[in-house]
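Okay, here's what each chain looks like letter by letter:
Number of protein chains: 4
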Amino acid sequence: KLGTLSPQTKHISKEEEEKCTLGILERLDAGEVVVGDGGFLLTLEKRGYVKAGLWTPEAVVEHPNAVRQLHMEFLRAGSNVMQTFTFSANEDNMESQYFEYAEEAVWAVEVLKESGKPVAATMCIGPEGDMHGVTPGECAVKLVKAGASIIGVNCRFGPWTSLKTMRLMKEGLQAAGLKAHLMVQSLVFHMPDCGKGGFVDLPEYPFALEPRVATRWDIQKYAREAYNLGIRYIGGCCGFEPYHIRAIAEELAPERGFLPPASEKHGSWGSGLNMHTKPWIRARARREYWENLLPASGRPFCPSLSKPDV
Amino acid sequence: KLGTLSPQTKHISKEEEEKCTLGILERLDAGEVVVGDGGFLLTLEKRGYVKAGLWTPEAVVEHPNAVRQLHMEFLRAGSNVMQTFTFSANEDNMESQYFEYAEEAVWAVEVLKESGKPVAATMCIGPEGDMHGVTPGECAVKLVKAGASIIGVNCRFGPWTSLKTMRLMKEGLQAAGLKAHLMVQSLVFHMPDCGKGGFVDLPEYPFALEPRVATRWDIQKYAREAYNLGIRYIGGCCGFEPYHIRAIAEELAPERGFLPPASEKHGSWGSGLNMHTKPWIRARARREYWENLLPASGRPFCPSLSKPDV
Amino acid sequence: KLGTLSPQTKHISKEEEEKCTLGILERLDAGEVVVGDGGFLLTLEKRGYVKAGLWTPEAVVEHPNAVRQLHMEFLRAGSNVMQTFTFSANEDNMESQYFEYAEEAVWAVEVLKESGKPVAATMCIGPEGDMHGVTPGECAVKLVKAGASIIGVNCRFGPWTSLKTMRLMKEGLQAAGLKAHLMVQSLVFHMPDCGKGGFVDLPEYPFALEPRVATRWDIQKYAREAYNLGIRYIGGCCGFEPYHIRAIAEELAPERGFLPPASEKHGSWGSGLNMHTKPWIRARARREYWENLLPASGRPFCPSLSKPDV
Amino acid sequence: KLGTLSPQTKHISKEEEEKCTLGILERLDAGEVVVGDGGFLLTLEKRGYVKAGLWTPEAVVEHPNAVRQLHMEFLRAGSNVMQTFTFSANEDNMESQYFEYAEEAVWAVEVLKESGKPVAATMCIGPEGDMHGVTPGECAVKLVKAGASIIGVNCRFGPWTSLKTMRLMKEGLQAAGLKAHLMVQSLVFHMPDCGKGGFVDLPEYPFALEPRVATRWDIQKYAREAYNLGIRYIGGCCGFEPYHIRAIAEELAPERGFLPPASEKHGSWGSGLNMHTKPWIRARARREYWENLLPASGRPFCPSLSKPDV
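Chains as they are written, first to last, in full-length UniProt numbering: chain V, 1 to 310; chain X, 1 to 310; chain H, 1 to 310; chain G, 1 to 310.
Here chain V stands alone, though its shape is the one from the complex (with noise of 0.2 Å):
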């Protein structure tokens, strides 16, 4: 996806580049880091304004208070960016809109790219390749060659996938002498069990997803690799709340210097539970813990994984 088509590629906005001193591009040759937000389509079915299988965005004109109140929240959580929720993810759309051959993505950077703004072209691949036979690394080459300033992954997979395909990526624009700022935004969901076509091809997909979100430390581990691995674009995608983004924002804040408003409801690392009256309640006030918790599905009659459907 690509430009302002969608919400997975970000072209930025003249209003947006005039609120800033800086453009993004600005912002991230000077080593900032932008936090991205988080998922509109899943967040607003959950709250009842999205039909899911249909993920059309009409809410937008219909209940505009509570797509104001979801950006407020990611905006609030440390966003730096927020996207125009206007894709459709309908599903018959998808064919026709996502690309389904790496070359579309890259003339659909070539046209953004005569608009003199900056292009961030992010796709959704895995870490061994889709789009009729393209690894990360060649997809990531391409769309440099094509002009794409910023590059990266978003939606199918989760964290760790998301991260793989990422360091694949960054792995090919070293081989092939190139550089680009890099971009991620998974998934929420804990899918190892992925196949290639990501989480819709999941059993659970996508009315049973529940057990597999990743809690606000899983993001903070996840923002820290991305961080690690060159990223300084790090959003989500699809099930990412408000709370999940501000764990970017507080795992990166030593970084950035700062810490997001919505953190003033959030002790560091659990340490809100330090007053507590119930000491074994207390002794859950530290980084430790959190850090080294596996935390049990509560559903023993539950496999941990499934097998994708194809």
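Do not rely on the hints blindly, as some may be mistaken.
Which copy? The list can't say, so a pair holds if one copy fits it or any two copies do.
What the hints assert, rightly or not - Below, simulated SDA-like cross-link-like pairs (lysine to any residue); rule was C-alpha separation at most 25 Å, straight line:
1. Lys179 with Trp160
2. Lys278 with Tyr101
3. Lys51 with Arg287
4. Lys307 with His276
5. Lys164 with Gly31
6. Lys170 with Arg27
7. Lys51 with Arg286
8. Lys307 with Tyr289
9. Lys196 with Pro127
These are calculated hints, taken from the structure and not from any lab test. Note that the coordinates shown come from a computational prediction; the quantities given were computed from them, not determined experimentally.
Fit chains X, H and G to the known structure of chain V by using the hints.
This is chains X, H and G only, laid out in the frame that chain V set:
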């Protein structure tokens, strides 16, 4: 918790009575099903407006739009009752606010009863009982004898455990030849591993409960089982989001005769998937599929149950 | 099961008494710990000599060497008692052989008592009781009043469930002011999901119980907990292999004052690994390691609990 | 491992050739399926005759009856080949004995080839390859070029991983225009979480592998899949007990035309349960039941996968 002191007990307000032609007791007496609302504290914590550990409701003043938005969502999802968001769940306050002895609840019911309004009393009690040795059955009898018209449980335990307690309360009333309307507002989390103290004693509380969140289908089963038990006030507590409340309203639509507004964005039993271009995703557009699915956690390195800290 | 009829009840034979200077009662009265043997049927089934479903002991005649070899292994592992392998667990016979009513067991104890030998009676009973409404405590009292010197449980339930029943039996005796020696021979399988009917009602019985088999370290904990409960005859039933019996004998070696012969081939608590060339395997040569290890099933597509068929 | 040095490589002995009218190559050339034997070290460790960590075969001298008994059981279960139990798996020896470079295996094959007997060479190699960078395909080609008539894998990996390696070996041979008989002897453990080093690097090795043991039905699938891959020498390594070998022989009975002796004590696909008095147990006496059962671990506090130590 009782009366105006907290969201856990409903002392129906003047305004609310005037809005409806009928009061809550008249409705329940007439055999109506009343759908409660969901959890404010945990949901607003994830949205960035409530601080975990402190759990205080200053968001009402600081961010009224955010609170109003969540009220709107629950209303749209089918809630008949909007609780005022004034409960201070401050962990220090908990000790003094919460009833430690069943007798305290009894006194509160007696005081509220004098106001001439119907009194609903829900207790945080599990199947094994609590409160210095009172069983669910004994507790139910005490509350009804004190004058409560509606009794039940809320918070602390998951859906199946809460229903188990309700069954014992009902049996206690029957054995004593008493009658009352029944009410249940369980947590959204799967917690068969809970001890007497409920969810706060599980190691995942409050920041790693994600894998335990019930799906909408789990909540439909909960609503049906509650209905079959004779419970007619059915809602949720911590962790219940608008789509969980919608699941209650959809499951009981045949009995109530109507769907909630938010169902315009929800195909019943996944029917919204029946136009999908991929046949294996279309195949998920049916009730049997979601009723029988055992959702994976995506976390093979985690256990399925935890040991409570006490 | 009682007396010479079955391996579950021990009527000590003439020969056995002569072999030892002391009879079993004298030993137990003197405070000795008696280590029982393990399971013959399931072990010989895996070796190819017993037919599952039929569970008949014709191997004694058809393949005496195979049976003798298993006896040798249990003896070498530390068993003090060698049960005759004459129990016909034929599923048809089960109905008529097994005691359906506690009274039957009482009559059998009374008859055997007349022989003048010590009578040991173990019942297939769980913590919730069975046998037309008898609790473990009541059952214990009946057997001791009938003349049994040693009482306890065997088969049907796993280690922790069996010990829970034993605790109830012990409390029943204490409440009645009675005394008896206690005996436990649990199954080797982890079965917290068992119903009243025990392991035969689990869907995995009898051909897919492998993932439930206890490790040697689990059995050491079982032996210690049994000892702490005051049980002095400690053995195993179906699924207990020679190394499980050795684990009992090793755990209780400090109390008994000696190790079994098979310990010449077993370093206590994994110490046999301390010469390994790989440092991370050497690091496993210690008690804390094995005591705290949570062993993975290697089966991420399987649940951790099952629902019993009844 | 090669030749007479170890059980992992079979240099067929004079006596063995005389016993059979046909040598192993003649049999395989004629299209016969050869059933291998199972694991001696781990099985005899559980019986009390081998010391874990040391893994030396002095039991042959110290307890010949115990070793002979296990040989008898494998024979009865259907093994066509009885390996001499002379392999010293002493962990110190491992380093010098095991081939570190594929070239060493090649030299050994060349030396054994001079004896004029057929040489079978099995390697401890996983799908990702090993031995200083040799892939399974390259390894297969080297061994066949050196003169091996039978090649394959044994030990270190579980059934599905071993078959994956075999597929790569087969493809390597096909690409090089070479032919050889294929042989597989996997471990009995489910280990999708294995790293390159195989099972010794899993935290459960060697004393907590119980939950990973394959059922007889798992092994039937393994045997069928091996057969379908074109493998005609199918056996097992560590952890394979007689009933696992019987499962291979039963699965391939239609192809071989006969059942092993131990099948007189085994109803195929659970048919031995069809006379059970409880209808829900009788209902398990069929193939679909056992093929589709997902066996629970009975350990809800344990994970389903582990992280290898390296």
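* Hint by hint, which ones does the structure fall short of? -> Every hint satisfied by this model.
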